[in-house]
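Participant: Protein chains in written order, with this note's numbering: chain A, 1 to 335; chain B, 336 to 670.
Think of the hints as simulated: they come from the structure by calculation, not from any bench. Misleading hints may appear alongside valid ones.
[What the hints assert, rightly or not] Ranges of calculated distance between the beta carbons of each label pair, as one might list FRET restraints:
| # | chain 1 | residue 1 | chain 2 | residue 2 | range |
| --- | --- | --- | --- | --- | --- |
| 1 | A | 250 | B | 372 | 17 to 27 Å |
| 2 | A | 295 | B | 606 | 22 to 32 Å |
| 3 | A | 82 | B | 660 | 43 to 53 Å |
| 4 | A | 246 | B | 364 | 26 to 36 Å |
| 5 | A | 312 | B | 585 | 39 to 49 Å |
| 6 | A | 317 | B | 591 | 15 to 25 Å |
| 7 | A | 271 | B | 364 | 49 to 59 Å |
| 8 | A | 224 | B | 371 | 20 to 30 Å |
| 9 | B | 606 | A | 246 | 43 to 53 Å |
| 10 | B | 605 | A | 295 | 51 to 61 Å |
| 11 | A | 224 | B | 660 | 20 to 30 Å |
| 12 | A | 318 | B | 565 | 28 to 38 Å |
| 13 | A | 180 | B | 582 | 43 to 53 Å |
| 14 | B | 593 | A | 62 | 28 to 38 Å |
[What the hints assert, rightly or not] Computed footprint of chain A on chain B, listed as stretches where at least three residues anywhere in the stretch have a Cβ under 8 Å from a Cβ of chain A:
| # | stretch |
| --- | --- |
| 15 | 361-369 |
| 16 | 500-511 |
| 17 | 567-576 |
| 18 | 614-622 |
[Said to hold, decoys possible] Far from chain A, by Cβ distances over 12 Å, these chain B residues were calculated:
| # | residue |
| --- | --- |
| 19 | 403 |
| 20 | 416 |
| 21 | 427 |
| 22 | 475 |
| 23 | 550 |
| 24 | 633 |
| 25 | 636 |
| 26 | 648 |
| 27 | 662 |
Owing to the predicted nature of the structure, the values given are computational and were not obtained by experimental measurement. Glycine included, C-beta positions come from ideal geometry on N, C-alpha and C.
2 protein chains.
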Amino acid sequence: MTADELARGGVLVVAGTHGNERNAVHLLPRWRLAPERLSPRGLAVSFTEGNPEAIREGRRYCDRDLNRAFLPALLEDPTQQELEVRRARDLLDTWGPRGRFPCAVALDLHSTTAAMGNSLVVYGRRPADLALAAGLQGRLGLPIYLHEGDPSQRGYLVERWPCGLVIEVGPVPQGVVSAAIGERTEIALAMALAVLEDAREGVLRLPERLVIHRHRRSLDVPRDGSGKPLACVHPRLQDRDWRPLRPSDPLFLALDGRPLSWEPGPQDPEAVWPVFINEAAYEEKGIALSLTEREVWTVDPEWGLALSTLAALLLSADDGNKTRLAVEKTSRPGS
Amino acid sequence: MTADELARGGVLVVAGTHGNERNAVHLLPRWRLAPERLSPRGLAVSFTEGNPEAIREGRRYCDRDLNRAFLPALLEDPTQQELEVRRARDLLDTWGPRGRFPCAVALDLHSTTAAMGNSLVVYGRRPADLALAAGLQGRLGLPIYLHEGDPSQRGYLVERWPCGLVIEVGPVPQGVVSAAIGERTEIALAMALAVLEDAREGVLRLPERLVIHRHRRSLDVPRDGSGKPLACVHPRLQDRDWRPLRPSDPLFLALDGRPLSWEPGPQDPEAVWPVFINEAAYEEKGIALSLTEREVWTVDPEWGLALSTLAALLLSADDGNKTRLAVEKTSRPGS
Numbered sequence: 001m002t003a004d005e006l007a008r009g010g011v012l013v014v015a016g017t018h019g020n021e022r023n024a025v026h027l028l029p030r031w032r033l034a035p036e037r038l039s040p041r042g043l044a045v046s047f048t049e050g051n052p053e054a055i056r057e058g059r060r061y062c063d064r065d066l067n068r069a070f071l072p073a074l075l076e077d078p079t080q081q082e083l084e085v086r087r088a089r090d091l092l093d094t095w096g097p098r099g100r101f102p103c104a105v106a107l108d109l110h111s112t113t114a115a116m117g118n119s120l121v122v123y124g125r126r127p128a129d130l131a132l133a134a135g136l137q138g139r140l141g142l143p144i145y146l147h148e149g150d151p152s153q154r155g156y157l158v159e160r161w162p163c164g165l166v167i168e169v170g171p172v173p174q175g176v177v178s179a180a181i182g183e184r185t186e187i188a189l190a191m192a193l194a195v196l197e198d199a200r201e202g203v204l205r206l207p208e209r210l211v212i213h214r215h216r217r218s219l220d221v222p223r224d225g226s227g228k229p230l231a232c233v234h235p236r237l238q239d240r241d242w243r244p245l246r247p248s249d250p251l252f253l254a255l256d257g258r259p260l261s262w263e264p265g266p267q268d269p270e271a272v273w274p275v276f277i278n279e280a281a282y283e284e285k286g287i288a289l290s291l292t293e294r295e296v297w298t299v300d301p302e303w304g305l306a307l308s309t310l311a312a313l314l315l316s317a318d319d320g321n322k323t324r325l326a327v328e329k330t331s332r333p334g335s
Numbered sequence: 336m337t338a339d340e341l342a343r344g345g346v347l348v349v350a351g352t353h354g355n356e357r358n359a360v361h362l363l364p365r366w367r368l369a370p371e372r373l374s375p376r377g378l379a380v381s382f383t384e385g386n387p388e389a390i391r392e393g394r395r396y397c398d399r400d401l402n403r404a405f406l407p408a409l410l411e412d413p414t415q416q417e418l419e420v421r422r423a424r425d426l427l428d429t430w431g432p433r434g435r436f437p438c439a440v441a442l443d444l445h446s447t448t449a450a451m452g453n454s455l456v457v458y459g460r461r462p463a464d465l466a467l468a469a470g471l472q473g474r475l476g477l478p479i480y481l482h483e484g485d486p487s488q489r490g491y492l493v494e495r496w497p498c499g500l501v502i503e504v505g506p507v508p509q510g511v512v513s514a515a516i517g518e519r520t521e522i523a524l525a526m527a528l529a530v531l532e533d534a535r536e537g538v539l540r541l542p543e544r545l546v547i548h549r550h551r552r553s554l555d556v557p558r559d560g561s562g563k564p565l566a567c568v569h570p571r572l573q574d575r576d577w578r579p580l581r582p583s584d585p586l587f588l589a590l591d592g593r594p595l596s597w598e599p600g601p602q603d604p605e606a607v608w609p610v611f612i613n614e615a616a617y618e619e620k621g622i623a624l625s626l627t628e629r630e631v632w633t634v635d636p637e638w639g640l641a642l643s644t645l646a647a648l649l650l651s652a653d654d655g656n657k658t659r660l661a662v663e664k665t666s667r668p669g670s
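Use the sequences and the hints to build the structure in full.
Facilitator: If you want it as structure tokens, here you go:
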């Protein structure tokens, strides 16, 4: 999206894009009641449940993963009518950059069964996303998973907004509301809004360097001909997200009790940093963990400029309420 | 079941009665390949997946909770055709005490998102069950949840076998295979079989006392009129299964940040010991935790006698194979 495509809009906070990730969903009523606690400098923040039907059923999704459904070709194909495709269209019609309550930034709140701590996922290298992530890392030290170059995993929600990222907190079981996980989610969300407030007010300060963990490839456990797993994550690798895995380190534990160690392929770097180790929902995607490479980047001033340009157009809470009233007068009520 | 109802039979080990509790399911091929590692003194042990369809779908169940479906009235009603009711009938037809491969003991392997550690669940006060639990507690110190007097939760699998209990290991997220949880499950299972081997050989020794945590009642979080939770488990209570909760201790954390403390009702004892704190699957049952009372019982010699009488009739692995061959010659293959 180029600068002249930018328009005035609010910030969208999405909870429960996956219906069994319940911590942000649990806190939505609290945030809706007092948004000024999250954004004391008065950004227009809209909150929505990502996948209300899946939340009701306590499942990740009903027909397909909503956070892989934001593919333009899918959304524009009228023959595609799965629940999550329809919900993706709804979300864009309502809160998209050209929606009825336009939003310029999307913050998508997730949890994971992996020991990811409080972390960020950025999709690709859009300058405004990198600035937002750098601002968050500068303030809270959050690790960043840069997801790119993975043709098997595409169609993420935040990619359809001019700026956005995923806040990913774990470990927490699917379906469990944990006070500690909720608190960490809220801290990261409030800090993301503070970075946007700084950018809107022209006082954004970014660190000089950004540490990112760049996606390289994903590994699955070995399986038999019928797809049954012949091993599980090795206990010495479990919960070691964001820590280096070196050649010959234990990777999996085979059913017969033998350890299977990590042996890099010709394309792999010497050390890799695994993330999303043993995330329950990735079993069906054939992912036992993803391997990243740790890189230290110099923060490019253009990133901060991109975020500040976009943030200068962010609506205030008052403007947001006026827009909402105007839209409600002329159209059907928002979802 | 009285002594003269007892017949020769094997031991049934059930994995994946809930389809998203995957640790025992993961280990089934290993156990099937070398059952003598689990039962070196040669009991006839049969292994089965409890709910193969739910395992395939990665869900607790398809139509209804299989581990609440073993109600005689339900099983005997031909109009009841839900998947789990049919599966319960199948399991009994195949492995029940009068099934094609008769089993006298059922060990049902579960996992939980609660920090229950390695623990046992016993349903009611059948002497043989109490002896098996006492034998396990004597060897491994496992805590025991005695589930009784709860009319809202009935129809457990093991109740339909002459002797049986649940091995419940946690915390582990639903859908996750954890090497550590699998190892604990295997240790408890092997020890249960060792107690049965002792009983069969007439050398069963039980401890003098049994510590049980007897079910009193369950608590749910407060909810609004539409059923949405207004609080979650307090972070200071989370992971404190099996530890005393005293009046005024924090119980829940309200959405507005206030702690809600435990205030016993007139029927409650001074101290209660919570179990299954924040088990994900119990949300739909309206259970945030269950309260138990800790009691120390003198082990009754009758219990050991009941278990030894039953165990004396347990088949050896060789007998079991002969039965299997005989049945397979005359009927359809077992499930």
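Participant: If any of the earlier hints don't hold here, list their numbers in rising order.
Facilitator: 2, 7 and 13
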